[in-house]
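Each protein sequence line maps, in turn, to chains A and B.
Residues 6 to 120 (the working numbering) make up the first sequence, in order.
Residues 105 to 216 (the working numbering) make up the second sequence, in order.
In short, the hints are calculated from the structure, not lab data.
Computed cross-link-like contacts, DMTMM-like style, restricted to lysine to aspartate or glutamate with a CA-CA straight-line distance of at most 25 Å:
| id | chain 1 | residue 1 | chain 2 | residue 2 |
| --- | --- | --- | --- | --- |
| 1 | B | Lys-105 | A | Glu-108 |
| 2 | B | Lys-105 | A | Glu-59 |
| 3 | B | Lys-146 | A | Asp-89 |
| 4 | B | Lys-146 | A | Glu-80 |
Here chain B is said to cover these stretches of chain A; the calculated rule only asks that three of the stretch's residues, wherever they fall, bring their Cβ under 8 Å from a Cβ of chain B:
| id | stretch |
| --- | --- |
| 5 | 44-51 |
| 6 | 58-67 |
| 7 | 109-117 |
Just so you know, even glycine gets a beta-carbon here, dropped at the ideal spot from N, CA and C.
Below are the chains, spelled out letter by letter.
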Amino acid sequence: ETGVTQSPTHLIKTRGQQVTLRCSSQSGHNTVSWYQQALGQGPQFIFQYYREEENGRGNFPPRFSGLQFPNYSSELNVNALELDDSALYLCASSLAGTRTYNEQFFGPGTRLTVL
Amino acid sequence: KQEVTQIPAALSVPEGENLVLNCSFTDSAIYNLQWFRQDPGKGLTSLLLIQSSQREQTSGRLNASLDKSSGRSTLYIAASQPGDSATYLCAVSPRGSYIPTFGRGTSLIVHP
Chain A
6 ETGVTQSPTH
16 LIKTRGQQVT
26 LRCSSQSGHN
36 TVSWYQQALG
46 QGPQFIFQYY
56 REEENGRGNF
66 PPRFSGLQFP
76 NYSSELNVNA
86 LELDDSALYL
96 CASSLAGTRT
106 YNEQFFGPGT
116 RLTVL
Chain B
105 KQEVTQIPAA
115 LSVPEGENLV
125 LNCSFTDSAI
135 YNLQWFRQDP
145 GKGLTSLLLI
155 QSSQREQTSG
165 RLNASLDKSS
175 GRSTLYIAAS
185 QPGDSATYLC
195 AVSPRGSYIP
205 TFGRGTSLIV
215 HP
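Sequences are here, hints too, so could you generate the full structure?
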């Protein structure tokens, strides 16, 4: 059984650029959630995907968008990067039906730095 | 809006001590509470998951308790070791929602 993987590990971008982060879910999991964790803070929920549909969204602007693919891998896209977007981005997968929170398994994260 | 507070923010103890980390939440209508460990710059590792109907969960040297009525959970670590050094986070999931609220964590250092 493979765990959750994320790529890239680290990324440096400049303000205004766009970025795509990738996540491969744990085998058998059909739900993926993305979180943003600023330094010294707890993770903040961005959105969740279930069966390729956005299943809920936290308090993040539309320039944060995502995709989930038939193999349950996922992407997080951020447009028009701002300095405050610098953070650790975490992906978590779970086996869940709609509106049900089950135990989530996290990937190692992608550290994004915006200059 | 659910708020989750973790006390203390940081803790430094000698090896071998038993210790207690605290997590409090403002809305007791929860679905479950989960404790995580996070090493610096890394992802989260799930330690214990307590459903709202449960009072405690145990795994090895770890024991987590849940008191919904008072809005509190504690994580007890027995016989601490230097390898336990990490940040410990708790996350509360409300009923009818799949969006967990995390605390800011307790940074633990266990020195030899």
